[in-house]
Amino acid sequence: MNIADFLRKPFGCSRVLFLSVFAFVVLGGYSAFASEGAAHSVFVANNVWMLLATFLVFIMHLGFASLETGLTRSKNTVNILFKNTFIISAGILTYALMGFNLMYPGDFIGGGIFGFAGFGISAPAGAGGLIEYADGGYTYYTDFIFQAMFAATAATIVSGAVAERIKLSSFLIFATIFVAIVYPIAGSWKWGGGWLDQMGFYDFAGSTLVHSVGGWGGLVGAYLLGPRIGKYLASGAMRPIPGHSLPLLAIGVFLLWMGWFGFNGGSVLSADPELISLVIVTTSLAAAAGALGAAFTSWGTFKYPDLSMALNGVLAGLVGITAGADVVSPGEAVIIGLVAGIIVVFAVSFFDKIRIDDPVGAISVHLVCGIWGTLAVGIFGGPDFSFMVQLIGVLAYGVFTVVCAFIIFYAIKMAIGIRVSEEEERRGLDITEHGMESYPDFQAASEI
Amino acid sequence: MNIADFLRKPFGCSRVLFLSVFAFVVLGGYSAFASEGAAHSVFVANNVWMLLATFLVFIMHLGFASLETGLTRSKNTVNILFKNTFIISAGILTYALMGFNLMYPGDFIGGGIFGFAGFGISAPAGAGGLIEYADGGYTYYTDFIFQAMFAATAATIVSGAVAERIKLSSFLIFATIFVAIVYPIAGSWKWGGGWLDQMGFYDFAGSTLVHSVGGWGGLVGAYLLGPRIGKYLASGAMRPIPGHSLPLLAIGVFLLWMGWFGFNGGSVLSADPELISLVIVTTSLAAAAGALGAAFTSWGTFKYPDLSMALNGVLAGLVGITAGADVVSPGEAVIIGLVAGIIVVFAVSFFDKIRIDDPVGAISVHLVCGIWGTLAVGIFGGPDFSFMVQLIGVLAYGVFTVVCAFIIFYAIKMAIGIRVSEEEERRGLDITEHGMESYPDFQAASEI
Amino acid sequence: MNIADFLRKPFGCSRVLFLSVFAFVVLGGYSAFASEGAAHSVFVANNVWMLLATFLVFIMHLGFASLETGLTRSKNTVNILFKNTFIISAGILTYALMGFNLMYPGDFIGGGIFGFAGFGISAPAGAGGLIEYADGGYTYYTDFIFQAMFAATAATIVSGAVAERIKLSSFLIFATIFVAIVYPIAGSWKWGGGWLDQMGFYDFAGSTLVHSVGGWGGLVGAYLLGPRIGKYLASGAMRPIPGHSLPLLAIGVFLLWMGWFGFNGGSVLSADPELISLVIVTTSLAAAAGALGAAFTSWGTFKYPDLSMALNGVLAGLVGITAGADVVSPGEAVIIGLVAGIIVVFAVSFFDKIRIDDPVGAISVHLVCGIWGTLAVGIFGGPDFSFMVQLIGVLAYGVFTVVCAFIIFYAIKMAIGIRVSEEEERRGLDITEHGMESYPDFQAASEI
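Protein chains in written order, with this note's numbering: chain A, 1 to 448; chain B, 1 to 448; chain C, 1 to 448.
Don't read these hints as lab results, they were simulated from the structure. Glycine included, C-beta positions come from ideal geometry on N, C-alpha and C. Wrong hints could be hidden among the right ones.
What the hints assert, rightly or not - With a straight-line cut-off of 20 Å between C-alpha atoms, the simulated SDA-like cross-links for lysine to any residue are: (1) A:Lys231 to B:Ser421; (2) A:Lys303 to B:Arg427; (3) B:Lys303 to C:Glu433; (4) A:Lys303 to B:Asp441; (5) A:Lys303 to B:Glu437; (6) C:Lys303 to C:Pro240; (7) A:Lys231 to B:Glu437; (8) C:Lys231 to A:Glu437; (9) A:Lys303 to B:Ile431; (10) C:Lys231 to A:Asp441; (11) C:Lys231 to A:Gly435; (12) A:Lys303 to B:Ser421.
What the hints assert, rightly or not - Beta-carbon label-pair distances, calculated as ranges: (13) C:Asp384 to B:Phe387: 56 to 62 Å; (14) B:Arg419 to C:Gly435: 56 to 62 Å; (15) A:Pro383 to B:Gly120: 19 to 25 Å; (16) C:Glu424 to B:Val402: 45 to 51 Å; (17) C:Asp107 to B:Gly111: 57 to 63 Å; (18) B:Gly226 to C:Glu422: 42 to 48 Å; (19) C:Lys303 to B:Leu97: 56 to 62 Å.
Work out the full structure: start from the sequences and follow the hints.
Structural data, given as structure tokens:
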């Protein structure tokens, strides 16, 4: 008997019963299917958003490369570009080899301090290795690649601070260890569910976990290397060494700004419309306020409106908002960015004064404003956040990273040295380390 | 009695009744939930699309900065980059402070001419401040930030036309007022639902509202400033002043082309697949046709295929298609772009002839092709659009913007002057306004 | 009788029956609607993903332009930028005119060798011209524009290999024919469902269909043109001619890397979360492994770590993974990329040795690694893929493209010549072909 015959027959109660049950089962099935379909399509959209964010974080590496190249001399351009190409490449590979499983170990040892889920990556079996819909949702591989793009960032920040005088091979060794081991362990304490996460420490997208960690590493490196030749005169006076291409700097900063939409927007870990749009607004406002804060501070302090300061102000605002982009209001984002923009101008002067030579201002931008942004969550984030816990987190990351960076740099220094010879530094690392020039059509050997 | 027991019991009609009602209510609820779930997931996808468009419009600001820098001399590079960094920053902040609420006032006064919804932004209460699903959907914050990225564009267009001779502080004041007040009020007449919208004027993504408005501002500025020193010889003959870096120009134009996918694609205000894909096709075809139109026109008219013309042709095609990208066919898009590419070559010559010195061709690209694109909607758009109403719109925006720009520039001129001294112009604004050089490793003072 | 009255009345079985049927019909309708709604929202998300991929592939054209400019001399910069602007523009237009319908003809003639669906594009009638939901889904226009962005790539690859000595008009004619006819016919054999597709040949995103095809074209061009003046000394020794801007090279390669996320990610032809995230992971790992492979191979082989080799290694890895990005594991992707990075270093030396002068290494990157990647599918892809069939595909494309490219180049050579005069080459194509300089502020005539 087919459905048509069945429906044409006279109905008794039992038949009605059957129909009801049929309706219940079939329609319930349909409904459940449709409901699961809707969850699936949100999952698809989330995953698209997370990959878009991944691409944006990736392009930050071009941003860093352009910025660092622009702010240094043309005789070291090849060297900087080589280092940046190396870091993103080695970063992705080591993160696949071990970083991802160090940072998200699942199980911790020693009160949430250390854990490791094994070498390599492979999507978990079952349901295609998808993360459960309920969690907002994206795939295991999306999770890995988004986090991998983040990972290399911290080491890249170091490269700016130690530019123009570090030995290439020494830097490559340092950067590989830093990105493969130090950053993931540090990250696990909060994002991997470790002890600082359990304490209630908050760092939405990495003011501390990424930027301060990179900044501390840069501080140790710049301290151990000492200043570049020519930065301080015999008299002790500081002499600015201008970067060779401000268009490259501007390209770098605008790309970083765009990349930050992925850095912060992706850190929502879903495409939740309310949250991602709020985060993009707070991120944009803080960057804008940082630019104006630094521009006018430099205009007032020195007598000229300084382009590098305005652009570093953009980054200062971005680093500042990163810890709390999802928990502050637009107005608070403006304040956080503005303060970061003002801070960064004085921080640059401060490090110049204490003879920490940071060619691109990485320590001022990433370390100082990273600390500010993390503490700002304790100030503006509302009752869920504790200033003291934020401070503990800042200090814990500081101590851990400084100790690790010091040990690694010091070991390399003992083994093969970390600074190029005076002659190499004067001639430039492009010729001496790489045997090539960055602009052979235009280049006259510039020696300072 | 639990469900299992209930289902095992013998059924009477009342029980069947109960089951039926139960099925009705429960499954209806499931279905409604699933249906709402589907609407929600479209909402999520729409919001992702609108934010992607936002990021693309943002990167247009790097496009403009690169283009303007490339087409001007290296002695004014820092100055241009500073202005562009300032405009996007001040633009976002003033748009949050008042521009958004001037442009989308809700209520108008005086026949749809002026309205203001108050200072600041904050998501409306209820349902998370989301715009209703029925409207295609994205959040309040997404709406704000997408529009904010647009807002600064108009002022950036002005900066190209007045480059290499305007006083920095005068420009900053002009740009701030232009982006905070003039652009939003002009925009409200159409996009905010004002009098031109009520008349049936159509401007899909801003051939007039953004590009012509910027172009008119640039025309007034270039007229009041007069030409750069060296542009016209004592004999009256025009002398081209070549830009210092054509790679920067190319980077700028390609980034603008990509950014335009967000500018036009996002103006659909949803991720409606049919409409956004049509818009991306018409946008691409017009840009391509504009490039070839300008390349071959310049090749025929002068004796060489001119790279700057080909690249300005891309922009001409893009500006031309912007008013009607969603209502013309691919074939019509090619015609609109081709004509724009041809027009722009003659427009550049025309402004050179009447001694309006526009270093980057901004007036030819944005004003002239913006008018062409707006009128083209009346020609190609079909019976829903009136050529006369399009013309009225063009003229209304022209009168309003010229009057406003004139008043602002003139007031600044009276107060603090708008042009740098002859010596400053000869030495370049980088040294005199900012105390720094853009390419210190290569730069020999170039004076024209 | 309204619903409320109906529900309040005493129930008989017939009434229960009615309610049941009502529930069945109404809820079924709801459910179907909700289910269709879920399918629709996946469709929306897919379409967003495909357009995002389109934008990323578009920006590869800026990547190619930057890379080629950076690796050549500043006296030929305008020429290269003009060619790249022309190719993307002519590519999109000819693809709309005929390429799309040659590549996806629907019906084939001659055993799947040739077919043509007519001139022009227009969305098919019915259901808004949408591709069926069941197919993963995106619109006709999205399909066109994504494929159009691909199309110009093959011709762009040629432009790198023939740079610095080909006559502009000759190249424009070649490129137009290549992109309008040769590439689409070649593409139809696999992606259009032609004879190689029927044989089981696999090329996921175009290691062969795009990169080798472009590489073969470049090989023929470079062979027919002969080496640049100064590349080989009278003694026969090879003399490297360094590119004029390594920052431009780095910008180009990083943009290409990002663009490849769309090139490979979009080739999934839907936003299927598992597949796109796997593809982005394999693509990233291969690029990273390619960079390290080439960097260390050059470091070991020559005595310096070569930046151009590291960056070409990125591209080598990307070209290598492109054929099988969706069918290999992350570990296999690392091997494929690493081997590609090693191969590319030796390939560059090989072509230098046999006096094929390829200024940017396009043949080594796109042809050699394209072949490697296609064969790697036969090695690593599992039992569904045959090494022999892959080899047949590689050879078929080689023969077809070489014959076509040879005929076109040879006909142009006979008609108007393909190489500029010696004087033009020495002075540079910017001045002689375009009458303008790329960096007028800095440029001293560089002659080699």
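Comparing the hints with the structure gives:
1. A:Lys231 to B:Ser421: Measuring from Cα to Cα gives roughly 34 Å; hence the hint is violated.
2. A:Lys303 to B:Arg427: holds, 18 Å
3. B:Lys303 to C:Glu433: Cα-Cα ~10 Å, so holds.
4. A:Lys303 to B:Asp441: With Cα atoms ~23 Å apart, Lys303 of chain A and Asp441 of chain B exceed 20 Å; violated.
5. A:Lys303 to B:Glu437: Answer holds: Lys303 of chain A to Glu437 of chain B is near 15 Å, not above 20 Å.
6. C:Lys303 to C:Pro240: holds, 16 Å
7. A:Lys231 to B:Glu437: With a Cα-Cα distance of about 18 Å, the restraint between Lys231 of chain A and Glu437 of chain B holds, given a limit of 20 Å.
8. C:Lys231 to A:Glu437: Distance ~18 Å between Lys231 of chain C and Glu437 of chain A Cα, so the pair holds.
9. A:Lys303 to B:Ile431: holds, 12 Å
10. C:Lys231 to A:Asp441: Holds. Lys231 of chain C to Asp441 of chain A sits at ~16 Å (cutoff 20 Å).
11. C:Lys231 to A:Gly435: holds, 19 Å
12. A:Lys303 to B:Ser421: Since the Cα atoms of Lys303 of chain A and Ser421 of chain B sit roughly 18 Å apart, the hinted pair holds (cutoff 20 Å).
13. C:Asp384 to B:Phe387: 56 to 62 Å: holds, 59 Å
14. B:Arg419 to C:Gly435: 56 to 62 Å: At 32 Å between Cβs, range violated.
15. A:Pro383 to B:Gly120: 19 to 25 Å: Holds: the Cβ-Cβ distance is about 23 Å, inside 19 to 25 Å.
16. C:Glu424 to B:Val402: 45 to 51 Å: holds, 47 Å
17. C:Asp107 to B:Gly111: 57 to 63 Å: Check passed, 59 Å falls within 57 to 63 Å.
18. B:Gly226 to C:Glu422: 42 to 48 Å: For Glu422 of chain C against Gly226 of chain B, whose Cβ atoms are near 46 Å apart, the range 42 to 48 Å holds.
19. C:Lys303 to B:Leu97: 56 to 62 Å: holds, 59 Å
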